[in-house]
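Student: With the hints as constraints, model all of the structure from the sequences given.
Spelled out, the chains give:
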Amino acid sequence: MLKQLLLATTVLAATATTAMADIKVGILHSLSGTMAISETTLKDTMLMLIEEQNKKGGILGEKLVPVVVDPASDWPLFAEKARELLTVHKVDVIFGNWTSVSRKSVLPVIEELNGLLFYPVQYEGEESSKNVFYTGAAPNQQAIPATDYLLDELGVKKFALLGTDYVYPRTTNKILNQYLLDKGIAAEDIFVNYTPFGHSDWSKIVADVVALGADGKKVGVISTINGDANIGFYKELAAAGISADDIPVIAFSVGEEELSGLDTSNLVGHLAAWNYFQSAESDANDVFIKAWKAKMGEKRVTNDPMEAHYIGFNMWVNAVKAAGKTDVDAVRDEMYGQKFPNLTGGTAEMLVNHHLAKPVLIGEIQADGQFDIISQTKEVPGDAWTDFLPESAVLMSDWKNKGCGMFNTKTNTCVQIKSNY
Amino acid sequence: MNLYLKNLCLIAFLLSVFLGSLFGIAQAQDGASPIQNLLQSHFKKLKRSSSKTIGPVIEAIRSSDQPEAKTVLEKWRAKELWYRKSDDLLVFVKTSDKKNYELIDIATGNVIASASKKQIKQIKPNSGVRALIDGALVFFRLGDEDEAVRLSALTSLNRDPKAVYLPIIQAAIAIEKVPELKAKMERMERLLSVQFEADTPKRVAAIESFSDDMGIDVRAALNPLLSSKVKVAMEVPTMLELARIIVPGESLKNDDGTAGIAQYYEWFSGRSPELNMASAYQLLLDAKLAPPDASVEDQKTALIANIKDGRVGGVDVDELNSQEARDRAYRSLVSNGLAPETISNEEKQAVIEEATFYAVYDEKNLAVIAAARKALKSINSKVSINRFFDLFLDAMSLASIYFLAAIGLAITFGVMRVINMAHGEFIMMGAYTGYVVQQLISNYTLSIIVAVPAAFAVTFAAGVVMERLVIRHLYNRPLETLLATFGISICLQQLAKNIFGTQARPLTAPDWLDGALIINEVVSISWIRVAIFVLGAIFFVGLLFVLNKTRFGLETRAVTQNPRMAASMGINIDRINMLTFGLGSGIAGIAGVAIGLFAKVTSELGSDYIVQSFMTVVVGGVGNIWGTLVGATLIGFLQKNIEFFNPSNTLAAQTYMIIFIIIFIQFRPRGIIALKGRAAEV
Amino acid sequence: MASKSFFMRNPSALIFILCLAGFTIAITVFSESVGNGLVSTSFLKTLGKTLCFCLVAIAMDLVWGYCGILSLGHFAFFGLGGYMIGMWLMYARTELIVIKASQALELPLTPQELADGIGTQIFGVVGGAKIPVVWAFADSLPIQLAFVVLVPGLLAAVFGWLAFRSRVTGVYLSILTQAMTLALALYLFQNDSGLRGNNGLSGLQNLPGLEAVAQADISLWFFWGSALALGLGYIVVKLIVESKLGNVIEGIRDDEARVRFLGYNVEAYKLFVFVLSAVIAAIAGALYYPQAGIINPAELAPIASIYLAVWVAIGGRGRIYGAVIGAAFVSLLSSWFTGGQAPDIPLGFYTVKWVDWWLVLLGASFVLVTLYAPKGIGGLFDRFSGGTKP
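Chains as they are written, first to last, in our numbering: chain R, 1189 to 1609; chain V, 5 to 686; chain B, 572 to 961.
Simulated from the structure, these hints should not be mistaken for laboratory data. Virtual Cβ for every residue (Gly too), placed ideally from N, Cα, C. A few of these clues could be false.
[Unchecked claim] Coverage of chain V stretches by chain B, computed from C-beta distances (three or more under 8 Å per stretch; other residues unrestricted): (1) 302-308; (2) 331-342; (3) 482-488; (4) 607-619; (5) 636-646.
[To be verified] Each computed EDC-like pair below joins lysine to aspartate or glutamate, with the alpha-carbon atoms no more than 20 Å apart: (6) V:LYS378 x V:GLU184; (7) V:LYS206 x V:ASP216; (8) R:LYS1509 x R:GLU1250; (9) V:LYS121 x V:ASP109; (10) V:LYS102 x R:GLU1486; (11) V:LYS56 x R:ASP1434; (12) V:LYS352 x V:ASP260; (13) R:LYS1566 x R:ASP1471; (14) R:LYS1405 x V:ASP217; (15) R:LYS1318 x R:ASP1471; (16) V:LYS89 x R:ASP1403; (17) V:LYS51 x R:ASP1560; (18) V:LYS378 x V:ASP260; (19) V:LYS378 x R:ASP1403; (20) R:LYS1478 x R:GLU1250; (21) V:LYS352 x V:ASP320; (22) V:LYS48 x R:ASP1340; (23) V:LYS125 x R:ASP1471; (24) B:LYS701 x R:GLU1579; (25) R:LYS1483 x R:GLU1239; (26) V:LYS121 x R:GLU1522; (27) V:LYS83 x R:ASP1560; (28) R:LYS1212 x R:GLU1240; (29) R:LYS1345 x R:GLU1299; (30) R:LYS1405 x V:GLU525; (31) R:LYS1598 x B:GLU782; (32) V:LYS74 x V:ASP91; (33) V:LYS121 x R:ASP1560; (34) R:LYS1481 x R:GLU1469; (35) V:LYS51 x R:GLU1469; (36) V:LYS49 x V:ASP91; (37) V:LYS122 x R:ASP1474; (38) V:LYS128 x R:ASP1560; (39) R:LYS1345 x V:ASP290; (40) R:LYS1405 x V:ASP366.
Tutor: Put into structure tokens, the structure is as follows:
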């Protein structure tokens, strides 16, 4: 019986391989589990973009066919599903992933099978894979400008780095810690705290942060707190009567989508740094929001990773057109230097280190759950290897000219072609 | 420093007025008002305002003596200042549809034109700029007729105290009528005196007046008086404003600038010595008191530079795969004069020990230093006692949350011996009930009043249904009950996801639960936590009463102790079991509303608490409400204490707490308050 | 005990081994590596992992179905086994990369530089550079292989000794085991644990020094290894439960006090079964994670161990093939339903999406099995074969 069942599933898996001439776009976002809340939106974004492209006649006269799989917020399953997309469904490109862990899980598979992945979320950097285009922000496109804003504009002298205990906050805080030290902030003026996913007991941590102000220096919070935990954190801040004027909080993981689960009246004035806000004023953005709301409903909001997919997808379409085929190596060569207008008014450009040049925006939370953009920079080129850690400062990534994503400029050698997982 | 700032502002102001008269008027439109001209002369800085450059502009507007200055500053601060893109004219606007705007002249208040959204642009001061504007507005607001405005001026003054405020607050005190406000102003005046008063006796008196005030603003004013700089010398310094002698790698800095010993303190306080060996040596290097040392990197560079025919310093390059070999090669390079001399770690250590490291107060006024040290010492000792008390409150609060989450379980598990792994999901159901009620009733107070009984009713019903359909059939098979209720738990969690989505849902507390109960400047606790504490207390007393003083309670206890005997006494066991289970589940529902209020409502809400709840019941002792109370208190206090000792890692606290409980149960398998006799057999 | 007599006495074991062998050969024939490619490499990996699940289910059945200890923490051992082998896989692979990169340098690496290079590569992503103490033996395959057995075995021994000694039984023990795996998961979630926190260990499918070998081949090797381990595990557990020892532990399951009064050292028997079961789980884990490619603390979360209990319960407790059937059936069905391959059922007003409803179905079927079919799927077999197993 066991054998029969297994064989039956094999046949099913095999029938799915029936080849079609169309161009296949794999979508690798969790539709269930803890990350579903964020990633489902991105799946819908991709379906919308593909639909629109098909209305325009597809690419090279061929229709785009989306292949959606559900890795269920299970990191090993991401690797399995990526392999399935590439070998069974034979997709030409994959758009997917949210967490860094899931990306690290997928990396070896993508590199082994020479796939192409567009990764749309802000991340901690320190990586540049030949087979991945990073359309989200690297630390220098989000964390560093945000810290500069606290330092220069708000005159913050003492920092609380609060984060959820996982890769992104860990690495980002390590970079920021070094950056702040370089900026002359004393080590004892940097308070670091990590909490588990979904943490809810914030009273002591908030009290600790308030107590930081005892030596007369202005305190600011840099928050890499993820997801649901933000709710309890902001509630406790409000309960302690701390306004953004007393202790400003700048968050890297709180966007429109996260705020829609919160009563924001107490959070007005707190900050977030992204490359995109729904409130950005541009014609392209108006069109995008309108299409999104028409498809998903009036109440839905747009956010930064959606814009990243928007840019990534359009760049890929243009690269395929330029290459005249969907072959990964050919498309990759065409990707370098691809330009596409982003939704905030400027132009995004794909760099040879597989990162984008994008503007950095800082927004203040408003009572209606939207952000008021109070600062916008020019396009900042994404840096794969941070300049603020000694061991990474010597590294650079240049796939076009050097063919290497981890090139040591001091010894002039390529450390490795594959990524460190 | 502050005098300097004041002068700078003055110079900037004069300069801006001068420049304004030179260019501004020439640029401005015909017949423009003086305030418009003034603003136009700073238009570039206004448009992209940065708190680094905007200071002089704000000062210029404030001191311009224009009647509109205050309004302009207020509107600017409220992001209500706009400009027309075509001619940069600054205006206020009025709009009804957010598409078409009427432009209002800033001087006259008359509508002067209309424009579409695309033709005008909003000026958005960031919060740094807004703080500066607030600072300027203090001058207007401190004498305002409205009491609330005066208070807000005092708040913004407190956020950024400056010497210039000292005279104006003194003037304001003279005319203030409201006693509480007057007291606040007087306190503010003393606070400013601490920092800016020129007359030493007055200043010392102000400092001394704060010696039992734990306010964070007081500490923020006093601490900078004792800021110090680290220095190094070869002999012990003798100056009077010496703060402390530093032992590198050992001593740490106390709040009042004196030195403390870290050695044993370090591992549990997390505070590390002020100066480590590397920085100490760096200080010596900077002071040119020690010879430079060659780092491993420098050594490598020197070796690479001297490679000749595969050999360096008489050693084969291939052999240089150990530090020892590299040292040998480097030494031979040094002896040949090919590389600079270097010193060994032992020599470094000796140099550091020979030198004296010390810190000197930045403040030179000895009377001020002495007064500040004394005041801070007394404040800090008070603060540390109060922080302990605050931690105690936090722990009480956490204990009450655990108690609430676990008490329903204590009834079903403890009294009925039924393992309900879906207990967490009942908590979640209660929270979602609260959310649904809040969607239907928009008044938060009313919705909470409705939500509590509604949550009880929903989960009571769910509990009874579950007992009838599943648990009843498994009364003598505890492990099977555990598994079956797990199945239900998986089902309910996924159903909640299907119905409400995976996104966290808001459950907003009414206004009267906003904010915190502030006992003093250090000790405070949010009202929601107080409410949860009260709720826990009510449950505790209520359940004690129900179980010990009512017929239902008597029957429940009888069934607990000996079901067969109870049945033969005419007690309807089925009914008692059903009601007890319903009661336990219903309480979980109410706990869900409370937990949802203070944290969030998600489908995983219950599973976050289930293991802790079981721990609470098991540690406390099964079958006893007192046991649950003791268990919750123990776990709450334990967790907070571990957090206190390791403040940067909350996860560690949870880990160690669970490990502690596992070990604890080995020694008291029946919990702290153990039942005796037949009832103790599971 | 001669194998011939063993199989003669246990025809079910013979049937199982033959089925497993036939299945392995069939899959090999259809594989991409040596066969016609009908079974894709990704599906081959799924099958290999399923075999590992079957093995851990056997371990669970031994401790629960035969000894009556409902452990809700067996994935702690499974995961630890994975971590132990994962450390070597990661370290050795990274070491090769660092050494290769160093060949372009002027000076050969000192041991310190080599360690720093490896540390930066492995721990760079979690903001570290130093190699933690727990990695002291990560460069040695034999030692890490020994750790696969020793570390989880030791954990089980210490935990079991403490728990059994103080007579913690029944649901208390279940909750304690659950707390154990939760504590371990939380510990591993911390960065300070030195095992890359939430990131876990990744890239485990790439065997050090075998970069040139295709994944299709490596997957097949691991599939064979998993099948072999499952077969051996089956025989070992069968031998134990059929022996006198097996009678004693079944006695403990049915009435612990009576066995104790008969003069048996109940604690020692329980501890032996518990540790053995943990070791089998750890071996399954060590085979599983190189196929999955990544291990992280979420794998040790209590829910995973609960699913293990679900598999065994649905398959049928107290019969080893039941555990195997349960694990294979439920986990494959689970991945089929959640993989988006199952067709949605449109009901007009509502579309049933299996991704959303599968867990509801699983939970409900679990309740039903517990209530009405405590023997699980295995019970059906008994009915057909007329067996009289308890």
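Student: If a hint holds in the structure, say so; if it does not, say that too.
Tutor: Hint by hint, here is what the structure shows:
1. 302-308: It holds: at least three residues are needed, and the region 302-308 of chain V offers 3 whose Cβ sits within less than 8 Å of chain B.
2. 331-342: violated (count 0)
3. 482-488: holds (count 6)
4. 607-619: This one holds; 4 residues, not fewer than the three required, reach chain B with a Cβ under 8 Å.
5. 636-646: violated (count 0)
6. V:LYS378 x V:GLU184: violated, 28 Å
7. V:LYS206 x V:ASP216: Judged against 20 Å, a Cα distance of about 18 Å means the pair holds.
8. R:LYS1509 x R:GLU1250: holds, 11 Å
9. V:LYS121 x V:ASP109: The given pair, whose Cα atoms are some 17 Å apart, holds under the 20 Å limit.
10. V:LYS102 x R:GLU1486: Given that 20 Å is the threshold and the Cα spacing comes to 18 Å, the pair holds.
11. V:LYS56 x R:ASP1434: holds, 19 Å
12. V:LYS352 x V:ASP260: violated, 31 Å
13. R:LYS1566 x R:ASP1471: holds, 18 Å
14. R:LYS1405 x V:ASP217: holds, 19 Å
15. R:LYS1318 x R:ASP1471: The given pair, whose Cα atoms are some 34 Å apart, is violated under the 20 Å limit.
16. V:LYS89 x R:ASP1403: violated, 45 Å
17. V:LYS51 x R:ASP1560: OK: LYS51 (chain V) and ASP1560 (chain R) at ~16 Å, within 20 Å.
18. V:LYS378 x V:ASP260: holds, 8 Å
19. V:LYS378 x R:ASP1403: holds, 16 Å
20. R:LYS1478 x R:GLU1250: At roughly 27 Å apart (the allowed maximum being 20 Å), GLU1250 (chain R) and LYS1478 (chain R) break the hint.
21. V:LYS352 x V:ASP320: Since the Cα atoms of LYS352 (chain V) and ASP320 (chain V) sit roughly 30 Å apart, the hinted pair is violated (cutoff 20 Å).
22. V:LYS48 x R:ASP1340: Within the cut-off at roughly 19 Å; holds.
23. V:LYS125 x R:ASP1471: Distance ~16 Å between LYS125 (chain V) and ASP1471 (chain R) Cα, so the pair holds.
24. B:LYS701 x R:GLU1579: At roughly 12 Å apart (the allowed maximum being 20 Å), GLU1579 (chain R) and LYS701 (chain B) satisfy the hint.
25. R:LYS1483 x R:GLU1239: holds, 11 Å
26. V:LYS121 x R:GLU1522: violated, 39 Å
27. V:LYS83 x R:ASP1560: Holds, at roughly 10 Å.
28. R:LYS1212 x R:GLU1240: holds, 15 Å
29. R:LYS1345 x R:GLU1299: It is violated: about 44 Å lies between the C-alpha atoms, which goes past 20 Å.
30. R:LYS1405 x V:GLU525: holds, 18 Å
31. R:LYS1598 x B:GLU782: violated, 28 Å
32. V:LYS74 x V:ASP91: Cα-Cα ~24 Å, so violated.
33. V:LYS121 x R:ASP1560: holds, 16 Å
34. R:LYS1481 x R:GLU1469: Holds - the C-alpha atoms of GLU1469 (chain R) and LYS1481 (chain R) are around 17 Å apart, at most 20 Å.
35. V:LYS51 x R:GLU1469: Distance of about 17 Å is within 20 Å: holds.
36. V:LYS49 x V:ASP91: holds, 16 Å
37. V:LYS122 x R:ASP1474: holds, 13 Å
38. V:LYS128 x R:ASP1560: holds, 9 Å
39. R:LYS1345 x V:ASP290: The given pair, whose Cα atoms are some 25 Å apart, is violated under the 20 Å limit.
40. R:LYS1405 x V:ASP366: OK: LYS1405 (chain R) and ASP366 (chain V) at ~16 Å, within 20 Å.
Checked against the numbered hints above, the structure violates hints 2, 5, 6, 12, 15, 16, 20, 21, 26, 29, 31, 32, 39; every other hint is satisfied.
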